[in-house]
Structures are given as structure tokens and as C-alpha cells.
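Asker: Sequence:
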Amino acid sequence: MDPSAPTIDITAEPRALKRALGEYRTPRLARSVVELMVTVIPFAALWILMWGTLSAGYWLGLLFAVPAAGFLVRLFMIQHDCSHGSFFRSRRANDWVGRAIGVLTLTPYDLWRHSHALHHAGSGNLDRPRVGGIDTLTVREYRDLPRTQRLLYRLYRHPLVLFGVGPTYLFILDHRLPVGFMRAGWMPWLSTMSTNAAIALLVTTMIWLVGVIPFLLVQLPITLLASSIGVWLFYVQHQFEATLWEHDADWTFHETALYGSSHYDLPGPLRWITANIGIHHVHHLCSRIPSYRLPEVLRDHPALRHIGRLTPRQSLESVRLVLWDEEQRRLVSFAEAHGAPPDRAR
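Residue numbers for the sequence shown follow the numbering used here, beginning at 306 and rising by one.
Careful, some of the hints might be misleading.
[What the hints assert, rightly or not] If you anchor each label on the Cβ, the simulated ranges turn out as follows:
#1 554 with 363: 56 to 62 Å
#2 516 with 320: 37 to 43 Å
#3 338 with 572: 25 to 31 Å
#4 335 with 397: 17 to 23 Å
#5 516 with 616: 50 to 56 Å
#6 634 with 508: 46 to 52 Å
#7 525 with 643: 38 to 44 Å
Hints are computed from structural coordinates only; laboratory data are not their basis.
Think of the CB as a built atom: it goes at the ideal place given N, C-alpha and C, for glycine as much as any other residue.
Working from the sequences, and respecting the hints, build out all of it.
Answerer: This is how it looks when you write it as C-alpha cells:
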């Protein structure tokens, strides 16, 4: 958090701020359609371009995988808006656009919408199940674990697992079954299996058109890179030193939404390609604001720029923060949890 941030009255009462943000909740149909088109069309064009350059050398084609992955991430963010009912006024339009995009992002939309709603409802609450987020233990919970489970947690929190192996497993394998919701009725199964069927149909069609090897050479790097970027973004939105977690007795939705989520202050092009998801503190406080209207909030309420502000450099430093220290009320590293002094060097 920026130490020079000014104090303002409106953020002293997050409930009042949420009421003030109500005017930004209305989506604009023309803008939504344009946002969708300027994401889908470049993604398709880059996919075709990458496929067309395979004969000239695979490494050349891989250059196009980076922007293509960026547009796939942007599609996921539009799907995310749809899950909150904020991209279109129509619930039906949100859901069907979200389901269609879910085929491209390998995500069962209706199940993800449900789990993501649970994440919003309990984010920052130490006493509720931590659904839909990065698993984070308190220092006490970690110390109470047997040695083997401590090692497993350390492995899980290693950057190569968290941002490499983990995202690949999550999107390619974990989303193929309603893991964690097996006994939650028919919706998780219908959402997952219908998405799987649509993915199978799309993949079969693409393989028929371009061949199995070319399809894999194009699609796999795009998917793997986009998955890692997506998990990274989700990580930095809540895993930063000045975040806020509380036990149920002290937890409030509005305060934790505003101060427990970051403002990931990215450069303009990265802000655009990630559909302003970095303005996450405002999003958590009022999730019905369309992503393309979030900059309006910062423009009209500039003090919000400083709350939870996280620069790209600071976000890299947050990777070492793996445990919540209830006494210090901040995230700490394994070394700090074992008694080593914190490294404050910047």
C-alpha cells in the first residue's frame, strides 16, 4: 500500500462507497459488443497466423502465442464479467456468452460462476472454507501440520508449481470433473459435462481442419501460457503483504472487499489486455460494475488508486509471502514464520 496515500472520508466507510458506486453498474450494450469483438477477432486471427507460420519454423509461430494467450486471458475476464451479471443487462445473454467462452477457456461456466460467488462471499474470512482461491494457511495452522504435510504445502506454494504445473492441471484436468462439488446436485455435473462435450466437438473439428499435430503445436502453448497468466493475476489480487484477513467475529464483507483485494497498477497495454481486473478492490466491493467501467471509478474517486496499490515489481516480491501471521496481521514468508527477521529491502 502506498504510504503517501491521502485519507478520504468515502473509503472510511466502505458501505457508503459501495452505494456511491451504484451508478457505474449499468452495462452499455454497444460497448460490451465492441469489447467482445475486439477480443474474439484478434484471438482468432492470431491463432490462424500462428498455424499459417508453422511451415516457416515453429519458433516463429511461438512469437504469436504470447499475444494470443493475452487475448485468451481477456476472453476469460469477459467470462468473469458474465458470471457476475455485469457484461450485459440480460441474464440470459451473460450466461450464454459466458458458456461459449468457457469452451475456449476450458472452464465449466455455471460451476465456476457458483464457486466464484462463494469466493466473493467469504474472501478474507479465516473461518470459512477458502473456496475458489489460492490455499493459504495461517502460521499456526502450518506449525500444527505433520512434517509430511508441511513439505507438501511448501511444494504447493513453490512458484514452479503454483504458476507452472498448477495452472496446467487446473484448466486441462481439474475442470473436467466437478471436483469439490461431486455431491452438490445436478448443476455441477451438467455444467462440467456439457462443457467437456463442447470442447470435444471443437477440438475434433479443429483437428479435422488443420490436423492433430498442428492443432496441438498451436493450441497447447497458448493454453499453457494463458493458464499461468490467469493464475498469477488471481494470486496477486489477494496475496500481498498489506491484504486483510479476519476471523468471522471481526470480518465484514465491505471492509475486506476493499482492503483485502489489491489494485494491481499495471501499464496501460497490460491493463487493457487483462480487462482492468487489476482494479480488484473496487471489483470485490461492487462486482456488478462492468470491467470496462472500472477506470471510470478511479477517475471519479482518485483516492481509490492508492488503496491496496501493488506495482509489477512489488507483485514479484509477494511470491515469498506464503502464510498469514495472525499476530502481525500480514502475510509472511516461511523464514519469517520460523523466526527470521523480515527482509524489508526494496
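Asker: Take the hints in turn and mark each one as holding or not.
Answerer: Structure-based check of all given hints:
no.: 1; hint: 554 with 363: 56 to 62 Å; verdict: 57 Å, holds
no.: 2; hint: 516 with 320: 37 to 43 Å; verdict: 57 Å, violated
no.: 3; hint: 338 with 572: 25 to 31 Å; verdict: 26 Å, holds
no.: 4; hint: 335 with 397: 17 to 23 Å; verdict: 19 Å, holds
no.: 5; hint: 516 with 616: 50 to 56 Å; verdict: 44 Å, violated
no.: 6; hint: 634 with 508: 46 to 52 Å; verdict: 47 Å, holds
no.: 7; hint: 525 with 643: 38 to 44 Å; verdict: 39 Å, holds
Against the hints set out earlier in the document, violations occur for numbers 2 and 5.
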